[in-house]
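Undergrad: For this one, chain S is given, so just place chain P on it according to the hints.
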Amino acid sequence: EAGVAQSPRYKIIEKRQSVAFWCNPISGHATLYWYQQILGQGPKLLIQFQNNGVVDDSQLPKDRFSAERLKGVDSTLKIQPAKLEDSAVYLCASSVSGNSPLHFGNGTRLTVT
Amino acid sequence: GQQVMQIPQYQHVQEGEDFTTYCNSSTTLSNIQWYKQRPGGHPVFLIQLVKSGEVKKQKRLTFQFGEAKKNSSLHITATQTTDVGTYFCAGPRGGNTGKLIFGQGTTLQVKP
Numbered sequence: 123e124a125g126v127a128q129s130p131r132y133k134i135i136e137k138r139q140s141v142a143f144w145c146n147p148i149s150g151h152a153t154l155y156w157y158q159q160i161l162g163q164g165p166k167l168l169i170q171f172q173n174n175g176v177v178d179d180s181q182l183p184k185d186r187f188s189a190e191r192l193k194g195v196d197s198t199l200k201i202q203p204a205k206l207e208d209s210a211v212y213l214c215a216s217s218v219s220g221n222s223p224l225h226f227g228n229g230t231r232l233t234v235t
Numbered sequence: 585g586q587q588v589m590q591i592p593q594y595q596h597v598q599e600g601e602d603f604t605t606y607c608n609s610s611t612t613l614s615n616i617q618w619y620k621q622r623p624g625g626h627p628v629f630l631i632q633l634v635k636s637g638e639v640k641k642q643k644r645l646t647f648q649f650g651e652a653k654k655n656s657s658l659h660i661t662a663t664q665t666t667d668v669g670t671y672f673c674a675g676p677r678g679g680n681t682g683k684l685i686f687g688q689g690t691t692l693q694v695k696p
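Chains as they are written, first to last, in the numbering used here: chain S, 123 to 235; chain P, 585 to 696.
Just chain S, same shape as in the assembly (with noise of 0.2 Å):
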């Protein structure tokens, strides 16, 4: 089966400046996640969609960051405006439900000068 797909592969932006990251799912998995990884450490939940739904947005910074999953296939995270802590590596993954686990895609690799 085709793994989850993301794009861009890497990304170089000035602070203050907007971005997007794509992610296309496993076909026919429910359950989407966007999850931020620092340098170092373990992956942070950003959002977890359930088909178009959003199920956990506890830990996503509103004020900048924004994610939508139309039609419960495709997911976009954007960050607007981008600082300097936002440098990490942007990973997507999906699973076929809630609780089943997690398929992760290559990542984004942000980096924000």
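Source of the hints: derived by calculation from the structure; they are not laboratory data. Heads up, a few of these hints could be off.
[To be verified] What follows is a list of derived Cβ distance ranges for each label pair:
#: 1; chain 1: P; residue 1: P696; chain 2: S; residue 2: G175; range: 43 to 53 Å
#: 2; chain 1: P; residue 1: E601; chain 2: S; residue 2: S222; range: 30 to 40 Å
#: 3; chain 1: P; residue 1: E651; chain 2: S; residue 2: E136; range: 47 to 57 Å
#: 4; chain 1: S; residue 1: E136; chain 2: P; residue 2: K635; range: 26 to 36 Å
#: 5; chain 1: S; residue 1: K193; chain 2: P; residue 2: V597; range: 29 to 39 Å
#: 6; chain 1: S; residue 1: V195; chain 2: P; residue 2: G624; range: 19 to 29 Å
#: 7; chain 1: S; residue 1: G175; chain 2: P; residue 2: K635; range: 27 to 37 Å
No residue lacks a Cβ here, since even glycine has one placed at the ideal position from N, Cα and C.
TA: Using the frame of chain S, we list chain P on its own:
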């Protein structure tokens, strides 16, 4: 809030030596999952433990879930250079509805 802690943070071993990483949760977990992340890669699912006291093996890897379902361990026998990477445990926050909380990981280096 709920925390998942792992020790040690780093471990350097000689090839052929054994390796163990420990995972502790501040709350009882319905299940625990283990992932491996190679340098420059993304986390890859290894295993899920659900039952109290459960032990599962995958070749040289042995996974345990504590009786109180608050701790877990991963033991690798006779490490190989292919075992290099960071091992994460993860447990669901707030019940059994996903929302996986990851530990900070244990990074394993293996000297050939």
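Undergrad: Does each hint hold? Answer for all of them.
TA: Hint by hint, here is what the structure shows:
1. At about 49 Å, the CB distance of P696(P) to G175(S) agrees with the hint of 43 to 53 Å.
2. Between E601(P) and S222(S) the beta carbons are some 34 Å apart, a value that agrees with the proposed interval 30 to 40 Å.
3. Restraint check, E651(P) to E136(S): a C-beta distance of roughly 52 Å satisfies the suggested window 47 to 57 Å.
4. At about 51 Å, the beta-carbon gap between E136(S) and K635(P) misses the expected band of 26 to 36 Å.
5. Look at K193(S) against V597(P): about 48 Å separates their beta carbons, and that is not inside 29 to 39 Å.
6. At about 28 Å, the beta-carbon gap between V195(S) and G624(P) stays in the expected band of 19 to 29 Å.
7. One distance hint, 27 to 37 Å for the beta-carbon pair G175(S) and K635(P), holds here, with the actual separation near 31 Å.
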